[in-house]
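Q: One line per chain: the protein sequences are S and E, in this order.
1 is the number of the first residue of the first sequence in this note's numbering; add one for each residue after it.
361 is the number of the first residue of the second sequence in this note's numbering; add one for each residue after it.
In short, the hints are calculated from the structure, not lab data.
C-beta atoms are modelled at their ideal positions from N, C-alpha and C, and glycine is treated no differently.
Where hints are given, some of them may not hold.
So, partial list: chain S residues that the calculated Cβ filter (under 8 Å) puts toward chain E [said to hold, decoys possible]: (1) GLN40; (2) GLN44; (3) VAL71; (4) ARG102; (5) GLN104; (6) LEU105; (7) ASP153; (8) ALA154; (9) THR160; (10) ARG164; (11) SER179; (12) PRO181; (13) ARG205; (14) GLN206; (15) PHE249; (16) GLN348.
Just so you have them, the derived chain S footprint on chain E, three or more residues with Cβ under 8 Å [unchecked claim]: (17) 427–439; (18) 450–460; (19) 505–519; (20) 586–597; (21) 610–624.
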Amino acid sequence: MVSRATTLREPVAVVAAAQTKSHRRFEDAEPQLIMEVVNQVIEQSGLDRHDIGFTIAGSCDYLSGMPFAFVSNIDGVGAWPPVYESHVEMDGAFALFEGVVRLQLGDIDTVLVIGSGKSSPGTPRNVFPLQTDPYTMAPLGLDPISLAGLQADAMVRAGTATERDFAEVVSRSRRDAMSNPFAQVAKDISVDDLLAEPYHTTPLRQHDLPPISDGACAVLLARGATAEQLSDNPVWITGIDNRIETHHFGHCDLTTSPSTSLAAEKVGLHDGPIDVAELCVRYSPEEIVLRQAMGLADGTTINPSGGPLAAHPVMATGLIRIAEVATRLANGEGRRGVAHAASGACLQQNQLCVLDRERP
Amino acid sequence: MSALPCAVIGTGQTKYKRRRELTLDGLVREAALRALDDAGLEFTDIDAVVIGKAPDALEGVMMPELSLCDALGAVGKPIHRVHTAGSVGASTAITATTLVESGMYDTVLTVGYEKQSEGNATWALSGGKSGGQGAGGTFAPWIREYIARSKAPEHIGWLVAVKDRQNALLNPYAHLHIEDISIEKVRESPMLWDPLHFLESCPSSDGAAAMVLTNEAGVKRTGKTPAWVLAHAKRTEFSMFPGRDTTRPQAGVECAEALYKKAGITNPREQIDCAELYVPFSWYEPMWLEGHLLAEEGEGWKLTDAGDTALDGSFPVNMSGGVLSSNPIGASGMIRCLEAADQVRGACGEHQVEGAKLALGHAYGGAAQYFAMWIASAELNPEL
């Protein structure tokens, strides 16, 4: 395979972004969450709803426990007169990838991206084993928390991290979440206090795990001159790419993430300094793996929102990372940033999106 | 800036019968390897993979791209998963096309599949509720409305059912090979959802379809006969609201309009040589001929009745046997696009339409609310 950067012919920018509060249990239907964020980005941009070029949503039937659950989500977007739209059974961040791809064709100017999910109706620990190999692993009920525990254990044994390192990630994330109005879990708690808590899935403690959340996120993308018309502070996407690894976790070195390193190369992550990074850290050890795989410098602010350890509405979690970085850069908190999204257990699939205040 | 040209240079299909001897991995890999072989390429030549299938609940595997990435040679590459209900196979082919058209990826493998033998499709198609009406129960009232409006005689549905099964006898991949198919046999088969008899309905199939898509340089490098993707379009509307025309959905009309405009087609019935339309129940042939502007309103059934849509007719439809002969749901839309591509590549064997240069691939889904269509062309810049 020829290794080259995945280049964008058309400059694309985030011109508006919105997210719901992360709810432990949102009593109303998922389209209601979607409508809230869609209306917000439309209002922010001043765009007429009917002028949106393309809409692409990411959600998951299995969270709702109903085949075709995504069909009713369109009620939260609006589809009359008929609209040009599509859907991925992936996190909204991967929907955004398709949106960026679509804008490269030059025939439309705006794309509405949505990520939404309600994890509260089910028991995630029972549902997510269905993501693993259906013949050899799913029957064993091997769930993401157990796999995260194996990953953490591999790191401790290899000496790449300690339980104190994990607790430091959690302490910082929980504290940073106190200034995030959308966060579900926020607290000022010391590393020593965290380490005094009992094990959940050794060597992980309850606080090393994300909360169970319901929520949604929407991002409005625009290309070239349209982006500059719709926003005073468009934040440009200079690179986006994802890479996947084998699902046979026994074949992987769980202390590293080669797919993330490869994606970093493809998006030109190291073409300049990174001021802010929002990483899809669903389990605290993942932050350590990702930092190393991405080669992030000490000066980079990581997960100032508190990250997924503070709010984890599955299927929106990755898109929220992009919304967070774009919003911070638009507000002048740095010039260049990166948003990471992950799919599967043990960081099996990773996407990086580099954002920049300067138009490329 | 505009979209870069994209062409299909390799296709692969599996036999659409029950494949209890194969895993899901084995099924998708069989189609993928055949497509790569047809393109003269290997997995290492592929820059990205785009897969599609109908609901995960059909096989009970959540986000199956995660467990199929090894079988599809996707490790170390981007992989993308589309889900737009029954239209998903065509939507997936279109998304894969945009990856090439964007210039971000040179050569892309796309695969649609379903393994209905692993689950209970009617349960899943009823939103996961027991005792549901299934797809036929949803569509039958709308078909009755079409018949009432168009005054079509009842044998039209039987004609489509026979014609598509006769075409299927010429397609080795087709699930149903009913040697003695006849009007009488269709008419005498059990009534499922009035007016749909058993033999006017699609089967439950296992199968995968795959295509290799590439840019102009890829076509030149491989020297393979291309099918250029001249245009593609998608449209969606709500599943229900007062006043919705479920027989001739507006999203279907607008999808066709956008498609023909993009392709520079002004008279689709004359300029397009043949079509693979998503017809899971017999009556949808005339309904989509009208609903996608290939016939005037109320005239679609007359094309069917006159034999125009037969393999040797003036506008052949579902030369492969269509969804009525094979329905691996998540693959079915991709098969329509793939067969359209193979027609203009001259690769359809016994069900080839002589000299086909422009072919339509189509799929619909949900409550006849999702539409995805593409035009495959033998020439990059055809004279229409």
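Q: Now look at each hint and say whether the structure bears it out.
A: Here is how each hint holds up against the structure:
A distance limit of 8 Å between C-beta atoms decides the matter here; for GLN40 of chain S the minimum to chain E is near 22 Å, and the interface restraint is violated. With 8 Å as the threshold, the beta carbon of GLN44 of chain S stays out of range of chain E, its nearest partner Cβ sitting at about 24 Å, so the hint is violated. Annotation: VAL71 of chain S was flagged as interfacial toward chain E, and the flag holds, the nearest CB pair being 5 Å apart, inside 8 Å. About 6 Å separates the beta-carbon of ARG102 of chain S from the nearest beta-carbon of chain E, less than 8 Å, and the hint is met.
Taken as an interface hint, GLN104 of chain S checks out: its beta carbon lies about 4 Å from the nearest beta carbon of chain E, inside 8 Å. At a threshold of 8 Å, the smallest CB-CB gap from LEU105 of chain S to chain E is about 4 Å, leaving the interface hint in force. Taking 8 Å as the C-beta contact cut-off toward chain E, the hint placing ASP153 of chain S at the interface is violated, the least distance being around 22 Å. Interface restraint check for ALA154 of chain S: the shortest CB-CB distance to chain E comes to about 20 Å, outside 8 Å, so the restraint is violated.
Taken as an interface hint, THR160 of chain S does not check out: its beta carbon lies about 22 Å from the nearest beta carbon of chain E, beyond 8 Å. Given the 8 Å rule on beta carbons, the hint for ARG164 of chain S is violated: about 32 Å separates it from the nearest Cβ of chain E. With a least beta-carbon distance of about 33 Å to chain E, the hint placing SER179 of chain S at the interface is violated under the 8 Å criterion. Below 8 Å, beta-carbon pairs count as interface contacts, and PRO181 of chain S has none with chain E, the closest being about 30 Å; its hint is therefore violated.
Interface restraint check for ARG205 of chain S: the shortest CB-CB distance to chain E comes to about 27 Å, outside 8 Å, so the restraint is violated. For GLN206 of chain S, the interface hint is violated, the least distance from its beta-carbon to any beta-carbon of chain E being 24 Å, above 8 Å. The closest approach between the C-beta of PHE249 of chain S and any C-beta of chain E is roughly 11 Å, which is over the 8 Å cut-off, so the hint fails. Here the hint on GLN348 of chain S is kept, as its CB sits about 6 Å from the closest CB of chain E, short of 8 Å.
Only when three residues or more bring their CB closer than 8 Å to a CB of chain S does the claim for the stretch 427–439 of chain E stand; here the count is 9, and the claim holds. Given a C-beta distance limit of less than 8 Å, the hint that chain S covers the stretch 450–460 of chain E holds, as 4 residues qualify and 3 suffice. For the stretch 505–519 of chain E, the assignment as covered by chain S is violated, since 0 residues bring a beta-carbon within under 8 Å of that chain's beta-carbons and 3 are needed. Only residues whose beta carbon comes within less than 8 Å of a beta carbon in chain S count, and the stretch 586–597 of chain E has 5; three or more means the coverage holds.
Closer than 8 Å: that is the beta-carbon criterion, and the stretch 610–624 of chain E has 5 residues meeting it against chain S, so the requirement of 3 holds.
Checked against the numbered hints given earlier, this structure breaks hints 1, 2, 7, 8, 9, 10, 11, 12, 13, 14, 15, 19; the rest are met.
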